Amino acid sequence: MIYNWGKERNYVKITNMGTKSSFRGQKLAHKLFETMINEMKEEGMRDFRGETRVTNYPMQKVFNDFDFKNVETLEGYYDNPTEDALRYHLSI
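Using full-length UniProt numbering, read the sequence shown as starting at 1 and increasing by one per residue.
Hints are not guaranteed to be accurate.
Derived pair list, reagent style SDA-like, types lysine to any residue, alpha-carbon separation capped at 25 Å [as the list claims (entries may be wrong)]:
1. K31 to G76
2. K20 to E43
3. K20 to V71
4. K31 to E75
5. K69 to S22
6. K41 to E51
7. K31 to T82
8. K20 to N10
9. K13 to I37
10. K61 to T19
11. K41 to T55
12. K27 to E75
13. K31 to P81
14. K20 to R46
15. K69 to D47
16. K31 to R46
17. K20 to E72
18. K69 to D84
Because the hints were derived from the structure by calculation, they are not lab data.
Predicted model, so just to flag it, every value in this text is computed and none were measured.
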């Protein structure tokens, strides 16, 4: 989704994604990120953001593999169960 909240310039926010267990290990999240970033760059987007649970190591790896920076820890961000989030940001 492309957001323009308040006076902030447009950015892309990755809101939710998951991989069915039988498809894991195929780098599908990496392929999705690569496609998303390339297509959004073609649209002039240069700012990407997302959050993930502190225990979601596979998603943290995807963010890190695409040079997203962990910019903030958000305490109690998630419910069921209550868990902190890591906020990531990439500017191209």
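Enumerated hints in conflict with the structure, sorted upward: 1, 2, 3, 4, 5, 7, 8, 11, 12, 13, 14, 17
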